[in-house]
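**Q** Put together the whole structure using the sequences plus the hints.
There are 4 protein chains.
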Amino acid sequence: MKILLTGFEPFGGEPVNPALESVKLAKAPEGVELVKLEVPCLFEKCIQVVMDAVRREKPDAVLCVGQAGGRDKVTPERVAINVMDARIADNGGYKPSDVCIREDGPAAYFATLPVKAMTAAINEAGVPTALSNTAGTFCCNDVMYGVLHEITKEGLPVKAGFMHVPCIPEQLPRFKEGTPALPLEDIARAVEAALKAIAEN
Amino acid sequence: MKILLTGFEPFGGEPVNPALESVKLAKAPEGVELVKLEVPCLFEKCIQVVMDAVRREKPDAVLCVGQAGGRDKVTPERVAINVMDARIADNGGYKPSDVCIREDGPAAYFATLPVKAMTAAINEAGVPTALSNTAGTFCCNDVMYGVLHEITKEGLPVKAGFMHVPCIPEQLPRFKEGTPALPLEDIARAVEAALKAIAEN
Amino acid sequence: MKILLTGFEPFGGEPVNPALESVKLAKAPEGVELVKLEVPCLFEKCIQVVMDAVRREKPDAVLCVGQAGGRDKVTPERVAINVMDARIADNGGYKPSDVCIREDGPAAYFATLPVKAMTAAINEAGVPTALSNTAGTFCCNDVMYGVLHEITKEGLPVKAGFMHVPCIPEQLPRFKEGTPALPLEDIARAVEAALKAIAEN
Amino acid sequence: MKILLTGFEPFGGEPVNPALESVKLAKAPEGVELVKLEVPCLFEKCIQVVMDAVRREKPDAVLCVGQAGGRDKVTPERVAINVMDARIADNGGYKPSDVCIREDGPAAYFATLPVKAMTAAINEAGVPTALSNTAGTFCCNDVMYGVLHEITKEGLPVKAGFMHVPCIPEQLPRFKEGTPALPLEDIARAVEAALKAIAEN
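Protein chains in written order, with the working numbering: chain G, 211 to 411; chain Z, 211 to 411; chain X, 211 to 411; chain V, 211 to 411.
Derived by calculation from the structure, the hints in this document are not laboratory data. Mixed in with the good hints, there may be bad ones.
Listed below are the simulated DSS-like cross-link pairs for lysine-lysine, each with C-alpha atoms no more than 30 Å apart in a straight line [said to hold, decoys possible]: (1) Z:K386 - V:K237; (2) Z:K255 - G:K326; (3) G:K255 - G:K237; (4) X:K363 - X:K326.
Quick caveat, the model's predicted, so the values are computed rather than measured.
**A** Rendered as structure tokens:
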């Protein structure tokens, strides 16, 4: 089994993105061939970069990972919605307000990855986790929606989905007091557990 | 302009539902004919009860209101998703796990009410508010998804959407320590502001 | 009965302080003579300003009110501690780190106001409230500790204490996403309920 | 250097207490002789059990550890206050309401451990942490206040203090939805970092 594992580059002025760092740290579970990819924090371009890799690498599944500052758990996402609605600009200065991702697309796509098995596996690995019902309306939701849309449109035999991860403690001095965090090693362990759940389900 | 305003009955063992109480208290804005309706906290049946009223009353818009224990703001909902996934049973003892609301339905519907204008109006009225990207996976999401689906399928000229409201202080002794709340008068004021925004947009 | 009711001026770059605004709005309960006072957000000076008024007005009780951005309830304070430890500078640019308020003072003073009766009265008035066990280590704690210390040292027959109040919705655009708020009218109602509880206990 | 490290037994119906488990897991930093102790979740008795060990073992410092369900960080405590005010009964069924710990004691004691160095060391170890200004009013505050009081009264050359730790993921199914957690290994690492900071300061 081949899995494409992607992590967003830093954004919002941060020097680091725990999503990308955990992707770098994560080891392939037994029997899984892992292809890793850094994704730019740019609306639309993030979709293209992942889809280029999907077409080139022909993985069985794609797991994209992004940071959700303020969350205290690793959260596989159930659904992505057809909207870009940003509070801050992406890394290219684009700050859309209530713009469709795909004019001809449906309102939403459910992840085709086994999100409950992933959550159970992360919990089993001892890392705090919960299933999330919103991936927001920034680049994380954008890449999840766009990749599921392109895969569906092209009829590719590829499962896809997204997972948000909390801040790591090193970031906290630059975040609002009280922001939760998880050590990077735990996040990497959660990513590995999610990959294992994908491979087994 | 005619608006159907609905509120869920109490659930989860609570003697009161701030959604229903605020619906009872809310006064019609000038120029709006208001029809009020209590909705049972029962999957599927809640959709039927609202749709019966829609067909009978032929309103221009439907605003359904429900409680979100744990939220600290009044939150118009952007989107409803095609899933029932309950942590507690509804008032009929039904506790679905990852069940479709409509087998033939799309993954999601966006509210057709002016959710950003509603949020702006509630804020203008001095009540804490924010736009929400998830209505959860319990009866609140069920009624929002089901009503939007039936209205779309039947091609009715009716705008529809949902709004979550926090607990009221009277409920807090029965909730977990630290649960936020808003006074009922504020919630009713928020409902009135939302109705006004619907009438004007 | 005469009560001195004080509210802090705005700080941290905010144009408004809901504590001061609620103090201005609050009406005296029947049988209570109310003296209102604006207090500068300056370590030490805030104590002197309140104590000058205490000596001049000879009230039976002093209730000081301040803002706690991030709290979602009105919270009477149980205790003040002998330390100044600031994350941001006060309005005079002073930013102490682990400095004693009174070298010769005890570690803490408990409020001499009836904090549980105050919390019960605020709840009765329909405003979300809870008793707090920490007034922080900024000017709010400073004024509470200092006033209780001076009253104790001088043997004055004056009850004293402090109450924190949340942000009001108008402030939220300048605060972090997700910050809770309460309408100003509710906060003023809570202040009135607290005054009534003080007068009756 | 000899440090007495204590952890509370489970309470509130929980089968496990992450404080005790992390104490069991923690290894002594180089140059530190570590004595470990399980403490009953009983008001007053917890003080006696720790003080018996203090008198018997004559440590240079005592670090007591307890669980704070709902917190998302490891939090050394700055201060303990002279009150028992319980929402739930202790393991002996005692549920005091506004009762003094020591009739002849001061309002509060500051920790005599280097709490800021401990927080810095835990942060350095990559575990989310913050200094806390309230240990609550249950057994955790009780043991911290009581031990500091007895040590002061007896004039013992022993530094003392308390540290709260979050839930571990295994506990979450029995806690309210949304409760944060940290893996046990991280908590144990935080305890070790705190011990190192105590030894070095």
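**Q** For every hint, state whether the structure bears it out.
**A** We went through each hint and held it up to the structure:
{"no.": "1", "hint": "Z:K386 - V:K237", "result": "36 Å, violated"}
{"no.": "2", "hint": "Z:K255 - G:K326", "result": "27 Å, holds"}
{"no.": "3", "hint": "G:K255 - G:K237", "result": "27 Å, holds"}
{"no.": "4", "hint": "X:K363 - X:K326", "result": "25 Å, holds"}
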